[in-house]
Amino acid sequence: MAFQILLNIGLALIWMLLRTEYTVVEFMLGYIVGLLLLFVLRRFLHFDFYFRRVVAVFKLLVLFLYKLILSNIDMTKIVLSPNPDIQPGIIAVPTKLKTDWEVTLLANLISLTPGTLTMNFSEDGRTLFVHSIHVPDKEKAIAEIHDSFEKAIMEVTH
Amino acid sequence: MKNTPVQLHVITRIVAFIILAFSIFLFFAGHNNPGGGFIGGLMTASALVLLFLSFDIKTIKKVLPFNYAKIIASGLLLAVLTGMVGMFLGRPFLEQFFDYYQLPILGKTELTTALPFDLGIYLVVVGFTLLVILTIAEDDS
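Residue numbers (my numbering), protein chains in the order written: chain X, 1 to 158; chain R, 1001 to 1141.
To be clear, the hints were calculated from the coordinates, so they are not data collected in a lab. For glycine and all other residues, C-beta sits at the position ideal for the given N, C-alpha and C. Careful: at least some of the hints might be erroneous.
Derived DEER-like restraints, expressed as beta-carbon distance ranges [what the hints assert, rightly or not]:
#: 1; chain 1: X; residue 1: Asn72; chain 2: R; residue 2: Glu1095; range: 54 to 60 Å
#: 2; chain 1: R; residue 1: Ser1046; chain 2: X; residue 2: Phe121; range: 42 to 48 Å
#: 3; chain 1: R; residue 1: Ile1057; chain 2: X; residue 2: Leu117; range: 29 to 35 Å
#: 4; chain 1: X; residue 1: Leu65; chain 2: R; residue 2: Ile1014; range: 34 to 40 Å
Let's have the full structure, built from the sequences with the hints guiding it.
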């Protein structure tokens, strides 16, 4: 992956030398040309086309912002209702993520969306104990975390 | 014993990208400097031929699953359609239009209808060259 980025930057520099214009715009044009070439020859590379990960990071960001707005609205409803009908609870969420880095990212994303909070980890660090303000159905809550954040993180790192 | 040309593979992986970048540079340089669709297309074809030379046909066909006959057809179609734009506006066939535009990041840029026409030539040249070479290469009899 690092090699691909290096090759892309190298192609952008060659592009600048060919055009004999040493500006940021020209570098960007060269970078885009290099990116296109890498995309066309993506099956030729030993690793995945690296820009796929950049897109995946962007998707994760959009998903996080979407969830943030959604759960903020939910929290506002709960806070403003006179007698809230909520069932707080702590659920254990097993995760398939491998490295500590990914698990930390997942825990942070869960904590940053209001209503849920990562409290602790199991001994091997692969099960998260999540406190949620409203969990009528345990399985559903776990499945939701798996389908949204865990899947998006896996797309970035695999 | 079957030996693998490791050095050739590694160098080809890098050099092919540089040749392709040069061919795209030539394609865009064509308007005001030496270059253009024909030489750019030949340069692209030569980069692909280099890939075919250092790897086997099966691998590269998997990497680049293009149908070169269709590339020739789409290049011709693009060139003819570009030529017909003038006819729709009551001007002669192949009349070219150009103007200067202020694009967001690129600044003042000249956009002309000669560029899509050139792209058509580029596609025909790439498709034709590779079709000829691959047809000869695949002929076992």
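Status of each hint after checking the structure:
no. : hint                               : result
1   : X:Asn72 <-> R:Glu1095: 54 to 60 Å  : holds (58 Å)
2   : R:Ser1046 <-> X:Phe121: 42 to 48 Å : violated (57 Å)
3   : R:Ile1057 <-> X:Leu117: 29 to 35 Å : violated (58 Å)
4   : X:Leu65 <-> R:Ile1014: 34 to 40 Å  : holds (39 Å)
Hints 2, 3, counting from the list given before, are not met by this structure.
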